[in-house]
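A.B. asks: Listed here are the chains, written in short residue letters.
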Amino acid sequence: MEYSRAELLPGIFLTHLRSDKFKTACISLNLLTQLNRESASMNALIPYVLRRGTTRYGDMEALSRRMDQLYGTAIEPVVRRIGEIQCIGFYGSVPEEGYLPSGEKLLPQAISLMAEMLLAPNTRGGLLLPAYVDSEKEKLLERIRSRINDKRGYSLSRCIEEMCCFEDFAVSRLGSEDEAENINYKKLSRHYRSLLQSCPVELFYCGRTPFKKVCAAFKDALSAMPRGEIDYELGTDIRMNALEDKPRYLEEKLDVGQGKLVMGFRLGECMEEPDIAAIHVFNAVYGSGSTSKLFMNVREKLSLCYYASSIAYIHKGLLLVASGIDFDKFEAARDEILSQLEEVKKGRISEEELHSAKRCVASDLRSLTDSQGELEGFYLSQTLNGLDYGPMELAELVEDITKEDIVSIANSVECDMIYFLRGLDEEEASEEDREDGQA
Amino acid sequence: MDRREYPNIGETLYSSVLPNGLRLNVVPKKGFSTRYAVFAADYGGAHRRFTLDGKTIDTPAGVAHFLEHKMFDLPNGDNALNILSANGADPNAFTSSGVTCYYFSCTEGFEENLRMLLHFVSTPYFTAETVSKEQGIIGQEIRMGEDSPDSAVYYNLMEQLYSHHPIRDRVAGTLESIAQISHETLYNCHRAFYAPSNMALCVEGDVDPGTIETIALEVLGRDCAPVPVADFGPEESLLPAAKLRRERMEVSAPLFLIGSKLRAEKEGQAAMRQRLVSRLALRILCGASSPFYSRLYAQGTLNRNFDYDIDFSAGTGTLIIGGESPRPELVLEELEKEVAEVSRRGLDEDAFLRAKRATLGSTLRALEDFENVCVSLATGVFDGYCAFDSMPVLESISAGECRDFIAESLAPERLALSIIESKAV
Numbered sequence: 212m213e214y215s216r217a218e219l220l221p222g223i224f225l226t227h228l229r230s231d232k233f234k235t236a237c238i239s240l241n242l243l244t245q246l247n248r249e250s251a252s253m254n255a256l257i258p259y260v261l262r263r264g265t266t267r268y269g270d271m272e273a274l275s276r277r278m279d280q281l282y283g284t285a286i287e288p289v290v291r292r293i294g295e296i297q298c299i300g301f302y303g304s305v306p307e308e309g310y311l312p313s314g315e316k317l318l319p320q321a322i323s324l325m326a327e328m329l330l331a332p333n334t335r336g337g338l339l340l341p342a343y344v345d346s347e348k349e350k351l352l353e354r355i356r357s358r359i360n361d362k363r364g365y366s367l368s369r370c371i372e373e374m375c376c377f378e379d380f381a382v383s384r385l386g387s388e389d390e391a392e393n394i395n396y397k398k399l400s401r402h403y404r405s406l407l408q409s410c411p412v413e414l415f416y417c418g419r420t421p422f423k424k425v426c427a428a429f430k431d432a433l434s435a436m437p438r439g440e441i442d443y444e445l446g447t448d449i450r451m452n453a454l455e456d457k458p459r460y461l462e463e464k465l466d467v468g469q470g471k472l473v474m475g476f477r478l479g480e481c482m483e484e485p486d487i488a489a490i491h492v493f494n495a496v497y498g499s500g501s502t503s504k505l506f507m508n509v510r511e512k513l514s515l516c517y518y519a520s521s522i523a524y525i526h527k528g529l530l531l532v533a534s535g536i537d538f539d540k541f542e543a544a545r546d547e548i549l550s551q552l553e554e555v556k557k558g559r560i561s562e563e564e565l566h567s568a569k570r571c572v573a574s575d576l577r578s579l580t581d582s583q584g585e586l587e588g589f590y591l592s593q594t595l596n597g598l599d600y601g602p603m604e605l606a607e608l609v610e611d612i613t614k615e616d617i618v619s620i621a622n623s624v625e626c627d628m629i630y631f632l633r634g635l636d637e638e639e640a641s642e643e644d645r646e647d648g649q650a
Numbered sequence: 003m004d005r006r007e008y009p010n011i012g013e014t015l016y017s018s019v020l021p022n023g024l025r026l027n028v029v030p031k032k033g034f035s036t037r038y039a040v041f042a043a044d045y046g047g048a049h050r051r052f053t054l055d056g057k058t059i060d061t062p063a064g065v066a067h068f069l070e071h072k073m074f075d076l077p078n079g080d081n082a083l084n085i086l087s088a089n090g091a092d093p094n095a096f097t098s099s100g101v102t103c104y105y106f107s108c109t110e111g112f113e114e115n116l117r118m119l120l121h122f123v124s125t126p127y128f129t130a131e132t133v134s135k136e137q138g139i140i141g142q143e144i145r146m147g148e149d150s151p152d153s154a155v156y157y158n159l160m161e162q163l164y165s166h167h168p169i170r171d172r173v174a175g176t177l178e179s180i181a182q183i184s185h186e187t188l189y190n191c192h193r194a195f196y197a198p199s200n201m202a203l204c205v206e207g208d209v210d211p212g213t214i215e216t217i218a219l220e221v222l223g224r225d226c227a228p229v230p231v232a233d234f235g236p237e238e239s240l241l242p243a244a245k246l247r248r249e250r251m252e253v254s255a256p257l258f259l260i261g262s263k264l265r266a267e268k269e270g271q272a273a274m275r276q277r278l279v280s281r282l283a284l285r286i287l288c289g290a291s292s293p294f295y296s297r298l299y300a301q302g303t304l305n306r307n308f309d310y311d312i313d314f315s316a317g318t319g320t321l322i323i324g325g326e327s328p329r330p331e332l333v334l335e336e337l338e339k340e341v342a343e344v345s346r347r348g349l350d351e352d353a354f355l356r357a358k359r360a361t362l363g364s365t366l367r368a369l370e371d372f373e374n375v376c377v378s379l380a381t382g383v384f385d386g387y388c389a390f391d392s393m394p395v396l397e398s399i400s401a402g403e404c405r406d407f408i409a410e411s412l413a414p415e416r417l418a419l420s421i422i423e424s425k426a427v
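Taken in sequence, the protein lines are chains C and E.
Count along the first sequence starting at 1, add 211, and that's the number in this note's numbering.
Count along the second sequence starting at 1, add 2, and that's the number in this note's numbering.
It cannot be assumed that every hint is accurate.
The calculated DSS-like cross-link candidates involving lysine-lysine, where the alpha carbons are at most 27 Å apart (straight line), are [stated by the list, open to error]:
#1 E:135 x C:316
#2 C:512 x E:135
#3 C:232 x E:32
#4 C:350 x E:32
#5 E:425 x C:424
#6 C:423 x C:316
#7 C:350 x E:31
#8 E:32 x C:540
It should be emphasised that the hints constitute simulated quantities derived from the structure, not laboratory data.
These numbers come from a predicted model, not from an experiment.
Using the sequences plus the hints, can you model the full thing?
C.D. replies: Listed below in structure tokens is the structure:
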């Protein structure tokens, strides 16, 4: 796989991976913007409004038909939060020409369609169509509200919100209901224009077409983009310590049969000069894999839970442990999760644990090179960290991590927030039934 | 091994049936780091009643899934999941109504991992103690499933559609049903369904097919056991047992599923064609570029959380369309209108050709995913066809075939609607 990178137009960068092994090519386009409460919902809404129709393909049906025509080329909105940078745009998958009966040149057509979606939306009087904005706004609101449907994800984001209540990271990638409610088509049109002018743009391609041709196709398609002063001052604020001396505690109640315990940690001082490979291995030893301490002890040995695993948000310097438990196992599970971290801090890590954690992380990184979607995410994340090495190189770094590296990371980790989602008491549940009955 | 080239999709498939009856499929892939293997049993949550040694055995709901959890225990006290993980593999398993699949992916040590996979799945070891401990763990999983609105909307629909076929029950069973499971139940089910003759092994990655065949014979032996016969009860009628069901749960917006039962084709080629026709027909009727979806989306009746699928498991065929909607009854009404229109006027030829083109792209996309490729090959093996043969069959499908499928299987009397409403309203 051959890596190339270039600035095609002011503030518009292309990461290009040449690879012959896939049957479809992947293209993506991301506008980068600082995550904050005021604009997150507007930002999240824009790609969805743009997906509704362009000047040439006026509504969603026409646009989707065009994609069908291009042999099922799929170009869909993507909204991500990487650290405190919000990335909005499109991800596309385009069949490689060799597999098509006609041998048609699909890629330039797909790139030009993607650019058209970004630059030439269906407008009236220069403004985004109110009908599209209103209907997508409703759908955005539904998506924001629907996070409660998935209790595992819901409890994770509630813990982050409370833990980072003074930081922009508390803002979800879709923003908040309140902010979304306040959007109207005029305001959104202005915001859309200003993003086009000021956002750095990250383009990605992975497939068989050579670098120069892809550059030319993107340049051609984006040359009309109205650019102003580019805002390169994007970044993530990393808080090193817990907010208070003892971890804060928050309990919430919903009508659920299984409790969700989420514990939020700061990765701490190790974030001053983060050793990304070491953080990955630490996370695997402690809680992310099926040989991790959390899995082996909290789940397997003590049967305290159905799942218990840790996730590292390296860009923001956070570690979250999520677990599904019986309501009465709260104390036992919490104590065990903390005591397993103590074990890592004290260096009680067997050779076997270290070895399997490293293999696990390295293997995940190597297999990531077999999926274009994961490659795209990996390189975008690397770019935001100012790094340009690939997953294979990171896997090499992982092989060199020692027990001391992990212990040192563990010792910089500090618990900041404990969140517990429990069920309603019997009384509360029956009360709710009565209210239902009246309604 | 038999070698076949598929130039239109750029794949080569090696296949054979071993003396022990195991059906083996290997897709070599140069240039990839990942190697993936799935060892699948033609046995799932719905295979509750079966005949073994001339005796009919009834088992409680949830056994196939329970067995899947317990297979990882090895007689020496080790756990296969841990061994594979420690060896750098990413192992897992899943049980559906129709099949149980054990699989792993890895980037190194493939042969060793493959031996371990074949070894642990063919080595039953259960004790009263380990079974009772697992009842706790699976109990949690069942409770989690009960909290899940997605799972509730699905199983409610299955109960509406099917009056007695065991596919209507939750794959994991209930707290009561799994309490009836003993280590003897597990041994019986393993003996009946986990013989190589009732299984398939599918591998994709930079591997040597011959070596895989040799390893499979070494670990599994040459004995070929008779294939058990599952009894799913008398054939279901094509009409749903109940048209409408509502339940209230903690959800932000109502979830709904519209379903219909199909008469699943039994013969391999016909079965594959039925799968392709039904998916193509549904893409035209309610896919992303259909007038139906676009109209309801623009009205705010549907959102992006809308999808359709057809599942063929344990002798059943179930068509499911659904997602989120503030007005599920309206979606059903509009769908019925659309079906009536298609039945009367036939399908638009342009839309039909576009859908075929789009299917070509999505087929290529699906081939990028090793798990998807291996699992489709395995289920294809059980249903008597080869998943790689789909392209020419797709080409041969006519608009009339799709129209007939829509008119019959989505006729109003065939449809059931399951709704999960929000508690807050």
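A.B. asks: State for each hint whether it applies.
C.D. replies: Hints and how they fare:
1. E:135 x C:316: Outside the cut-off at roughly 59 Å; violated.
2. C:512 x E:135: holds (10 Å)
3. C:232 x E:32: Given pair residue 232 (chain C), residue 32 (chain E) holds - Cα atoms ~8 Å apart, limit 27 Å.
4. C:350 x E:32: violated (43 Å)
5. E:425 x C:424: violated (55 Å)
6. C:423 x C:316: holds (16 Å)
7. C:350 x E:31: Distance of about 42 Å is beyond 27 Å: violated.
8. E:32 x C:540: violated (49 Å)
When each numbered hint is compared with the structure, violations occur for hints 1, 4, 5, 7 and 8.
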